[in-house]
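Protein chains: 4
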Amino acid sequence: MAYSGDPVLASDLLFRPVHSLIDQSLHSRMGATTTNGDGFGIGWYGEGDVPALFKSVDPAWNDANLRELASQIRTGHFFAHVRASTGTPVQRSNCHPFRHGRWLWMHNGALFGFHDYKRELMMAIDPALFGDIEGSTDSEAFFYLALTYGLEEDPYGAVEQAVGMVEDLGREHGVEHPIQMTVATTDGESMWAFRYSSEGKSRSLFFSTEMHRLRALHPEVKALAELGDDARFITSEPLRDLSGAWQEFPESSAGVVRPGHAEVRPFTPRRAATVL
Amino acid sequence: MAYSGDPVLASDLLFRPVHSLIDQSLHSRMGATTTNGDGFGIGWYGEGDVPALFKSVDPAWNDANLRELASQIRTGHFFAHVRASTGTPVQRSNCHPFRHGRWLWMHNGALFGFHDYKRELMMAIDPALFGDIEGSTDSEAFFYLALTYGLEEDPYGAVEQAVGMVEDLGREHGVEHPIQMTVATTDGESMWAFRYSSEGKSRSLFFSTEMHRLRALHPEVKALAELGDDARFITSEPLRDLSGAWQEFPESSAGVVRPGHAEVRPFTPRRAATVL
Amino acid sequence: MAYSGDPVLASDLLFRPVHSLIDQSLHSRMGATTTNGDGFGIGWYGEGDVPALFKSVDPAWNDANLRELASQIRTGHFFAHVRASTGTPVQRSNCHPFRHGRWLWMHNGALFGFHDYKRELMMAIDPALFGDIEGSTDSEAFFYLALTYGLEEDPYGAVEQAVGMVEDLGREHGVEHPIQMTVATTDGESMWAFRYSSEGKSRSLFFSTEMHRLRALHPEVKALAELGDDARFITSEPLRDLSGAWQEFPESSAGVVRPGHAEVRPFTPRRAATVL
Amino acid sequence: MAYSGDPVLASDLLFRPVHSLIDQSLHSRMGATTTNGDGFGIGWYGEGDVPALFKSVDPAWNDANLRELASQIRTGHFFAHVRASTGTPVQRSNCHPFRHGRWLWMHNGALFGFHDYKRELMMAIDPALFGDIEGSTDSEAFFYLALTYGLEEDPYGAVEQAVGMVEDLGREHGVEHPIQMTVATTDGESMWAFRYSSEGKSRSLFFSTEMHRLRALHPEVKALAELGDDARFITSEPLRDLSGAWQEFPESSAGVVRPGHAEVRPFTPRRAATVL
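Residue numbers (the UniProt record's numbering), protein chains in the order written: chain A, 1 to 276; chain B, 1 to 276; chain C, 1 to 276; chain D, 1 to 276.
I should point out that these hints are in silico values taken from the structure, not numbers from a laboratory.
This structure is a prediction, so every number in the text was calculated from the model and none was measured.
Incorrect hints may appear among the rest.
20 Å max Cα-Cα, derived EDC-like pairs, lysine to aspartate or glutamate [to be verified]: (1) D:Lys-118 / A:Asp-132; (2) B:Lys-118 / C:Glu-134; (3) A:Lys-118 / D:Glu-134; (4) C:Lys-118 / B:Asp-132; (5) B:Lys-118 / C:Glu-220; (6) C:Lys-118 / B:Glu-134.
If you anchor each label on the Cβ, the simulated ranges turn out as follows [what the hints assert, rightly or not]: (7) B:Gly-48 / C:His-115: 31 to 37 Å; (8) A:His-173 / B:Glu-220: 37 to 43 Å; (9) C:Arg-258 / A:Glu-226: 31 to 37 Å; (10) D:Met-123 / A:Ala-223: 52 to 58 Å; (11) B:Glu-226 / A:His-173: 49 to 55 Å; (12) C:Gln-247 / D:Arg-16: 45 to 51 Å; (13) C:His-173 / B:Arg-213: 53 to 59 Å; (14) C:Gln-247 / D:Pro-7: 56 to 62 Å; (15) D:Ala-64 / B:Arg-213: 37 to 43 Å.
Each residue gets a CB set at the ideal place from its N, CA and C atoms; glycine is no exception.
Work out the full structure, taking the sequences as your base and the hints as a guide.
Here you go:
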């Protein structure tokens, strides 16, 4: 889940909606696995220059510290993730969101065959960034590949190239459909999201309707008044069963949200002319 | 899951059957919760005078240490449990099995209203045992109440009295159906099991068919030859879809298994004349 | 460590002073044990009605989450503790600070012989509070005994009676010097501290010199300008080697700090006429 | 600590000697850090084809599971390690011993400047082994470099080349003394040990005196009778203050122990003609 808007309490974002992220751990209805219990993480922008992270391998639903902290964090820019491991160890350094400078990154899905081409993918990452990689997941390597391709300057282009490269590598290693992904990434001011899979059957990704319209649709829902005009959510599953509140990202699409602006556009992987 | 019989590798007990206990964490089909992810524990009899315990709050399915250890434990008497907390903290001291001397105890279910009468129940426990209580669960308190009523001499009678006491306490505090339970307990030679609920709708509990009969029913299943003649399982769900292999404990029943003997009999809570 | 004063970043309190609390984990020079590695906890007043807690069994010095969170917590009222277990399990529910309503409590030391008289001590706790006890430590039981004796109305009197009761119980069970303690407790506005041991050889406890005087003593130390006029610390060891900055609590003493007021006075255990 | 000889209980190896490994966590007198609290691991040969591992990030001295398991493991070939992190995350995948096939590896010390040349070192590792690397430590990378240079065929030669390569890389990156190491590695039949540092001031490493001689020296020590004739220990600190029981590995030396044979010889890093 990603939130952008006026400062709110993280506990309201995590625990109040009818189908909150923490419920998602147990009842991930549209997700690929039945539970998401291999750790969780939250990232938010507050004091200081870089976003803060609280990540843990305890399943999100029984972590007392998470509940305590969420009630104390008031922020206008918030990422939350619950993890289902696709093979790499369950450890804090393999939990999302991943951070580099002011950027956060979350990825649901997998790079199939990663174990077989991991070395080549790692070699494609900018040597100056290599030492910053903390964990062993495909998701983190994917993030660093996108950074290598210029995520900080042109997120759309960087992810297009990163996905193109992953698909090339995967197919060289006999993987027919190399990637499954929904991605959310942010620099603390804008949030980008991506929905794509090589097979054309991507996991779900939703964004919330613009607030003015939503309040007009549902004057009876008082909670909407507590959210500011710029409030936006991007989630893998709708947070609440409220008609008209959620719109699905189309297959092979990407988008960006910032105060006063939101857009969705097609997403096509790009084969880079040279690797680096 | 409880096993009694010739020594086998714990990894065969946990990971080989089609519907092993570890799968049970994720797909607990007949259990009350959809997942059992609040910790696990195994207990077994090997070196020394008392059984050994390996318990952890990590969900059973992603614990690398469990897989490593299970491949090294060869034992003829084995208990395994995955926990779904009914409110008390998720911590190692609240994981089952609980141990006292040579005895192990596992309980699935709950003592409803426990938080409200906990003090009275704790006061009913033998003062000499009070200091041995490590955790804060209803299940452990229930164990110590049974020990107080003579579990080590007469398990059937002790559990009948403990349940009677819990039902009295619960009803005094306005709880209509105070207890839901399946219990397995052992002294390293015999295993006792109990299935009962105040409401008369008890969670499931199964025992395995006697081995001679089972091998005759299914000559095609080679794995049965690896189990000795005295092999017996008591589980909350069948380990394997094999017709005739599993028999359900009736409502309000109890039983015992030891080499060469197995029985099932009715279970009726007993009101003690005096508390202590 | 306890801090009261203008809001500051928790990371400045934990990580900036020369001899910070986190260093204390490794180099607890005056403490009874050489390391304090059995968990840590912080408590602070911020959003909402009750203080928040972040507690963990990981040693404080390698907890990445603690560093992240501390950089985001800005508070005027802060408790921090690193634990050296005196026998009870290392688990989050046994970490300090303990919380009840708006109150926090930390205790360094031990109730010797606790395991032998635990039942009697637990029975002396107000039945209405009994169910709130989460862990199994002597320190938490001590807190609830003080609450029973009216901590929320008269902290000095409540702790005097609680200590008196513990000493009586201990001596009945053959313990010559039943208690060793430094205690800090707060309701979010005032902080009380206690230094006492039955043997008359109490662990160390210090409070910081009043800020005006300290700035006059050390005009060369710029960091002092960042602390407001009402800033006060109570710590088990001096945070910084700065002459005149720290004053030791005398043997058998207690004190209170609130904005504009600080006092230290003698502490004498009181035998209650009746237990409850 | 490494042990080779007749099968003994792991709890005797860990907890009985006067200065056991677990005490070493707290009082590591000759080690570089005052405590070794960033996790522990044990490896042993028992059932099956590969050694088993039990590793955890909990400090060794308060891990209840370790005590339970150690009392159940009877083995003739045992490795135990307590970790002091030199910068990489504290997580199970960064705990020693590391395992590859039948081989175990433990390393005390550091590859200084590792973060700066990590990419080049990883690229020097055999591509077929790259995907097996689980963690992010210099110690594990060092192991895989030694495997690349033929550890499984010629341990002495492989480690000589690996160290030579690390020293070259380090000096290219401006590190004057690139490596500090004591290493123990085994295939389940022989144990190799290495003591070396670029600076010529290596951490301590000891081996135990041959048993016949030791029993003759100390007929009064009954515990020696419990150890078989082939019993050998290699430890970073002497397990017990017993004169004549421990001999120090010289600076820049290596050795091997197998039933009936033990030797120590000089160790000199070797510059490989080509990297791969």
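Hint check:
For the suggested pair Lys-118 of chain D and Asp-132 of chain A, the alpha carbons sit about 10 Å apart, so the restraint of at most 20 Å is met. Of the pairs offered as hints, the one joining Lys-118 of chain B and Glu-134 of chain C holds, with about 12 Å between alpha carbons and a cut-off of 20 Å not exceeded. Simply put, Lys-118 of chain A and Glu-134 of chain D have alpha-carbon atoms about 12 Å apart, close enough for the 20 Å limit, and the pair holds. Distance check on the hinted pair: Lys-118 of chain C and Asp-132 of chain B sit about 10 Å apart at the alpha-carbon level, within 20 Å; holds.
The suggested pairing of Lys-118 of chain B with Glu-220 of chain C is violated, with an alpha-carbon distance near 58 Å, which exceeds 20 Å. Taking the CA atoms of Lys-118 of chain C and Glu-134 of chain B, the gap is near 12 Å; set against the 20 Å cutoff, the hint holds. The given range of 31 to 37 Å is broken by Gly-48 of chain B and His-115 of chain C, whose C-beta atoms sit roughly 23 Å from each other. A hinted range of 37 to 43 Å holds for the C-beta pair His-173 of chain A and Glu-220 of chain B, which are about 39 Å apart.
Distance hint check: the CB atoms of Arg-258 of chain C and Glu-226 of chain A are about 35 Å apart, consistent with the given range 31 to 37 Å. The beta-carbon spacing between Met-123 of chain D and Ala-223 of chain A, approximately 53 Å, falls within the hinted interval of 52 to 58 Å. Evaluation of the 49 to 55 Å hint for Glu-226 of chain B and His-173 of chain A yields a failure: the beta carbon distance comes to about 39 Å. Remark: the range hint 45 to 51 Å for Gln-247 of chain C to Arg-16 of chain D is upheld by a beta-carbon distance near 47 Å.
Range check, His-173 of chain C to Arg-213 of chain B: Cβ separation about 57 Å, and the 53 to 59 Å hint holds. Range check, Gln-247 of chain C to Pro-7 of chain D: about 60 Å between beta-carbon atoms, so the 56 to 62 Å window is met. The beta-carbon spacing between Ala-64 of chain D and Arg-213 of chain B, approximately 41 Å, falls within the hinted interval of 37 to 43 Å.
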